[in-house]
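Colleague: Sequence:
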Amino acid sequence: MVDFLFRNTATGELVTASGPVPFDASTVLGEGSWQVATTSPWASETLSVSSNRTTHVFLIAGQSNATSRAAFDGGADWPSNVRQWSRSPARAEAPYITDNADQTLIPAARPLDHGTQRVAGGMGWALQFSIDYLAQNPGVDLVLVPASWGGTGFSDNRWNPGDDLFQEAVARTNAVLAAHPDFIFRGILWHQGETDSGSVSASAAHAGRLDTMVAALRSAITGADDTTPFLLGGMVPSWVAGNGNRQTVQAGLEDTPNRVAYSSYVSSTGLAAFDGIHFNAASMRVLGTRYAAALAVAAQNVPSGWMISQQTILSYSAVPTPTVAGTTIT
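Residue 24 in my numbering sits at position 24 of the sequence shown, and the numbers go up by one each step.
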């Protein structure tokens with residue numbers, strides 16, 4: 001065993017490690033250029049260390065149930081390899097809890113840097129989503145782009161293509177991808193509908209406006225296309241019950257996978273709120289797990305034409321092969 005001392009030539013960071021020779025320095029060092037020594041003075045050789053890990057990026061957008069509104073439950077917290085694209089208070093709605101620099105990679109924390117922050121130390125479903133996603137994808141690091149604002153929708157001209165929050169979500173996502181070209185954009189995580197449940201006209205128009213937004217996001221975000229997963233969650237069941245406009249929006253949310261290829265609905269069945277409209281911490285945990293599981297479902301939600309042809313093939317193969325005059329028809 002040999003004791004090693006590494007120094008980052010750019011930052012001066014020091015890292016010590018022990019191991020056999022040859023020693024795989026990538027197991028203990030981040031990316032960059034490092035000097036290495038086993039004794040003083042510093043060796044003249046430098047090492048260029050490249051990580052073999054992959055970074056996946058997700059946009060989180062919508063209104064308050066996509067943010068960190070629930071009080072933390074004391075359970076599993078943010079994994080160390082989850083980061084977020086930060087937001088300064090100048091680009092947020094007051095009062096704002098954190099005081100981060102604008103548009104830089106920082107560790108994910110409670111609450112995430114969405115446009116509104118009303119619960120100090122609050123959690124959302126993105127926390128459990130991240131835990132589950134990393135468990136399903138070893139060797140992957142995660143970057144989240146928080147872009148949700150409470151009390152917003154399509155009827156108030158915030159999320160339609162060209163509206164301010166739509167434009168900001170695209171700009172923030174593209175900024176992190178431009179700053180880190182090796183990052184891979186993996187999907188859009190959406191949770192919204194309450195604001196557009198306020199009138200007959202807004203609720204009736206919601207599904208169509210949602211579909212238009214999905215297509216526009218896929219077109220505008222770097223690295224996205226028509227196959228980029230789009231996941232959306234349902235509203236609090238007890239809040240939806242007994243109100244026709246809310247039921248209209250909820251039905252449209254549930255039907256989205258039938259209208260939008262490579263999308264998946266994340267069920268809110270059995271979940272509860274702490275204030276009537278916002279999911280409690282236990283429900284946020286369940287939603288996060290359901291969001292992570294929905295990615296595989298979205299990947300299989302192929303366009304309807306392919307679905308039909310596949311079904312035709314399956315149906316045909318199940319029918320006995322006909323024959324004519326002893327000759328098999330193929």
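The hints are simulated quantities; they were obtained by calculation from the structure and are not laboratory data.
Just so we're clear, the structure is a prediction, and the values are computed from it rather than from any experiment.
Keep in mind that the hints are not guaranteed to be accurate.
So the derived label-pair ranges between C-beta atoms look like this [what the hints assert, rightly or not]:
no.	residue 1	residue 2	range
1	Asn81	Asp255	31 to 41 Å
2	Pro107	Thr9	46 to 56 Å
3	Asp77	Pro303	38 to 48 Å
4	Asp211	Pro237	17 to 27 Å
Ideal Cβ placement from N, Cα and C applies to all residues, glycine included.
Colleague: The structure should be examined with respect to each hint, and the outcome stated for every one.
Modeller: Hints, one by one, checked against the model:
1. The hint said 31 to 41 Å for the Cβ distance between asparagine 81 and aspartate 255, and at roughly 36 Å that hint holds.
2. Between proline 107 and threonine 9 the CB atoms are about 24 Å apart, so this pair departs from the stated range of 46 to 56 Å.
3. The supplied range of 38 to 48 Å is met by aspartate 77 and proline 303, whose beta-carbon atoms lie about 39 Å from each other.
4. In this structure, aspartate 211 and proline 237 meet the distance hint of 17 to 27 Å, their C-beta atoms being roughly 23 Å apart.
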